[in-house]
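S.K.: Please put together the full structure from these sequences, using the hints given.
2 protein chains.
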Amino acid sequence: AERSAARLGCAAVDFPVAVVLPAGGSGERMGLPTPKQFCTILNRPLISYTIQAFERLSWIVTVVVVVATENHDLMLNIARKYNHTKVKVVHGGTTRHRSIFNGLQAFSNTTDSLTPKPKVVIIHDAVRPFVEEDLLLKITLAAKEQGASGAIRPLVSTVIATTSEGYLDHSLERAKYRASEMPQGFLYDIIFQAYQQCSEFDFEFGTECLHLALQYCGTNAKLIEGPPTLWKVTYKRDLAAAEAIIKETLSMSACIIAGAGAEAVELAKMLQKNLNMMETDVISCAKESNTEYLSKTQNFIHISMSGSNFSGVPEMVKRFEDIGHTRLYPLVVVWVQLNMTKQSVDSQKTDELTAFMGLASEVIQGNVLLYGIEINHSKVIFLMSYHYIC
Amino acid sequence: AERSAARLGCAAVDFPVAVVLPAGGSGERMGLPTPKQFCTILNRPLISYTIQAFERLSWIVTVVVVVATENHDLMLNIARKYNHTKVKVVHGGTTRHRSIFNGLQAFSNTTDSLTPKPKVVIIHDAVRPFVEEDLLLKITLAAKEQGASGAIRPLVSTVIATTSEGYLDHSLERAKYRASEMPQGFLYDIIFQAYQQCSEFDFEFGTECLHLALQYCGTNAKLIEGPPTLWKVTYKRDLAAAEAIIKETLSMSACIIAGAGAEAVELAKMLQKNLNMMETDVISCAKESNTEYLSKTQNFIHISMSGSNFSGVPEMVKRFEDIGHTRLYPLVVVWVQLNMTKQSVDSQKTDELTAFMGLASEVIQGNVLLYGIEINHSKVIFLMSYHYIC
Ligand SMILES: [Mg+2]
Ligand SMILES: [Mg+2]
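So the protein lines, in turn, are chains L and Y.
For what it's worth, the numbering used here labels the leading residue of the first sequence as 12, then goes sequentially.
For what it's worth, the numbering used here labels the leading residue of the second sequence as 12, then goes sequentially.
Simulated from the structure, these hints should not be mistaken for lab results.
Treat each hint with caution, since some may be false.
As the list claims (entries may be wrong) - With a Cα cut of at most 25 Å, we get these calculated SDA-like pairs of lysine to any residue:
1. L:Lys-247 to Y:Ser-182
2. Y:Lys-243 to L:Lys-130
3. L:Lys-247 to Y:Ile-256
4. L:Lys-307 to L:Val-72
5. L:Lys-247 to Y:Ile-52
6. Y:Lys-149 to L:Asn-113
7. L:Lys-258 to Y:Thr-245
8. L:Lys-130 to L:Asn-120
9. L:Lys-243 to Y:Gly-377
10. Y:Lys-247 to L:Leu-166
11. Y:Lys-247 to L:Ile-257
12. L:Lys-247 to L:His-222
13. L:Lys-149 to Y:Ser-182
14. L:Lys-243 to Y:Ile-52
15. Y:Lys-258 to L:Thr-240
16. Y:Lys-247 to L:Glu-236
17. Y:Lys-243 to L:Thr-173
18. Y:Lys-258 to L:Ile-256
19. Y:Lys-187 to L:Thr-218
Fair warning: this is a prediction, and the values are worked out from it, not measured in the lab.
M.R.: Have a look at this one:
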């Protein structure tokens, strides 16, 4: 689905699209000192996942991130560390609406070549990291056609109207209502005009961009149902939920590097058969010609037959660094050492073990999680560096 | 807060209260083969956590769990395994409302001594495990007084009305509306009468018990704002969120058992000072006289000075089994061995390590997670059995 969306995206979106990402909120509701958009999941700030969801799409030109002044440097550092080249950081206002307006104004400054005026602007939340290309395409195309569009979800709870004394007045008929979510899309001229015209009351108490487009420009937004993963990371528990989703996604594919030895190839084939829940590729080496396979996944099983005891690991890690593969997600390497010859003595084993553990604790600094398995004809030694991916 | 609620509960609730827990739903939305209420968190089914939230309260007499026929035996086994003595299992209907009505009918059968007719009945969801005594008290007392009561939460998203063509019609003013959640409380006679009178349409398409009480008995429910942890475990990611909450709760206290040796007592005091995020007790032994301390927490640090190498572990584990402490939550025991005398030889160390690992893999069957730390004057050996509590 993602791939066909990508093909469709390049073809259908022949106009400039930009994103405004308000990230000015404080983390009060989380019960955490850090605002939630800067909390880390697998060692990376939440907002970086959200930015990447847009930045990976060729048809999105610019991502304007609106942050509180005190987080300006933090945000610049995040953009640098995770190579977010499409990001432009601007300062937020005292409310969500003021922050969004500040973000939109960045495009009206025609002297900045990083922020040319877009045809369509997508407004999203920094704390909704899981947004897929197919939904973004639908939102963008509907905004181009109708002037405004927004993601919706069915209501999870019955909505009730309350009396002023705190009693049930009536309950709403669920089928007629929807929860308004993000992302939302707008013709830039429409949403910018709406914000230019709206009142102080709107800036202070308004919550809904779609409502402003309707009130000030008469634009009825097209509503598009999104998946449940659009939910907003709000509470501390949501960080655990987001981590679970990321881990599950990362665990869906693997690449097996098997060299040329007959036993290694046999083992690779057996593994591929048994890993039938994952999409697997088997290749013969981690050389440049295989970059396509190396780039497809974050999980690698390297089966080695040489007696050289993990000496190939540093070279392999270097290769991943070269293709920038460890920047966004941790990389899992399981190094399988097949020793079909006679066993080495126990003291030698202990030295190898110590060396491997040292290597593992070194490469983890570069976001590589290294595990080792040594298979002798009589026994299996499992060397675990760090348990990360469930 | 919990303790004062408990005192208040015994005093204020001088009438019989029962619970109906509909657990008939299927797990479709989770993308899982198991219905979500039977999915396990830390090796225990979700529904057992929910049952325990009620069963621990002295003023709640009975918990009627309504399950699909095919899950009857599974549910009985869960009740047996986790010692849910207040549970009565009844069969569900084809909709949520039919299941709740079946649950309520269990109390109208006056020949069953386990289910005497209650004054107030609380209706809850099997998939909302985190419900605290103070909220249950408020719901119960309001139901007694007003006839009906229900937990509410602020709306997390703007609610919008849609046109039949899928466009925005208008957005609701958020302040006037609330999300209706669970638990809800009713005078038994009112909700039973409402269900006896309601139509086939209500049974088939209705969602809101509060609405039935209003429509058929003219009872306006009192609405009570609950905490965010009332949320419904709906998606697979919610299981990870629930696990994070349970782990956090379990990590809030510890008991240090330090014996009489001067170095052990000193280490215990130092630990207590440094574990200032947790509530800690220091006691001298795990004997019967200290059951009060042992029962307060799931986390134990045992500091041993004898040279007898973990020989006290099985006895300690037996003690926890005797007080039924490992039934509901995993127990974490960190065994600290202080060896102030000269070091033993390396081969002896290896044997001890092997023995400890064997012991750890044995006691984990009984829900005890055993970690070991050996402190010699020159080096620290860390023996990890299983990483569970973050
Ligand atoms: Mg935000
Ligand atoms: Mg249910």
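S.K.: Now look at each hint and say whether the structure bears it out.
M.R.: Here is how each hint holds up against the structure:
A threshold of 25 Å between alpha carbons decides the hint, and for Lys-247 of chain L with Ser-182 of chain Y the separation of about 29 Å lies outside it, so the pair is violated. For a cut-off of 25 Å, the pair hint linking Lys-243 of chain Y to Lys-130 of chain L is broken: about 40 Å separates their Cα positions. Our distance criterion of 25 Å between C-alpha atoms is met by Lys-247 of chain L and Ile-256 of chain Y, whose separation comes to about 9 Å. Proximity of Lys-307 of chain L to Val-72 of chain L is assessed by CA-CA distance (about 24 Å); at most 25 Å being required, the pair is judged to hold.
Note on Lys-247 of chain L and Ile-52 of chain Y: the hinted pairing holds, with a Cα-Cα distance of about 18 Å set against a maximum of 25 Å. Taken as a hint, the Lys-149 of chain Y and Asn-113 of chain L pair is broken in the structure, with Cα atoms around 45 Å apart against an allowance of 25 Å. Only pairs whose Cα atoms come within 25 Å are accepted, and Lys-258 of chain L paired with Thr-245 of chain Y is accepted, the gap being roughly 19 Å. At roughly 15 Å between alpha-carbon atoms, Lys-130 of chain L and Asn-120 of chain L fall within 25 Å of each other, so this suggested pair holds.
Between Lys-243 of chain L and Gly-377 of chain Y, the direct Cα distance comes to roughly 39 Å. Violation of the 25 Å bound is thereby established for this hinted pair. The hinted pair formed by Lys-247 of chain Y and Leu-166 of chain L meets the criterion: a straight-line CA distance of about 18 Å does not exceed 25 Å. Proposed proximity of Lys-247 of chain Y and Ile-257 of chain L is supported: the alpha carbons are some 12 Å apart, at most 25 Å. The hinted pair formed by Lys-247 of chain L and His-222 of chain L fails the criterion: a straight-line CA distance of about 30 Å is larger than 25 Å.
With a CA separation close to 22 Å, the supplied pair Lys-149 of chain L and Ser-182 of chain Y stays within the 25 Å bound. Note on Lys-243 of chain L and Ile-52 of chain Y: the hinted pairing holds, with a Cα-Cα distance of about 23 Å set against a maximum of 25 Å. In summary, the hint linking Lys-258 of chain Y to Thr-240 of chain L is supported, as the alpha carbons are separated by about 24 Å, within the 25 Å threshold. The suggested pairing of Lys-247 of chain Y with Glu-236 of chain L holds, with an alpha-carbon distance near 20 Å, which does not exceed 25 Å.
In summary, the hint linking Lys-243 of chain Y to Thr-173 of chain L is supported, as the alpha carbons are separated by about 22 Å, within the 25 Å threshold. The straight-line distance between the Cα atoms of Lys-258 of chain Y and Ile-256 of chain L is roughly 19 Å, inside the 25 Å bound, and the hint therefore holds. Under the criterion of a C-alpha separation no larger than 25 Å, the hint pairing Lys-187 of chain Y with Thr-218 of chain L is consistent with the structure, at around 14 Å.
Against the hints set out earlier in the document, violations occur for numbers 1, 2, 6, 9 and 12.
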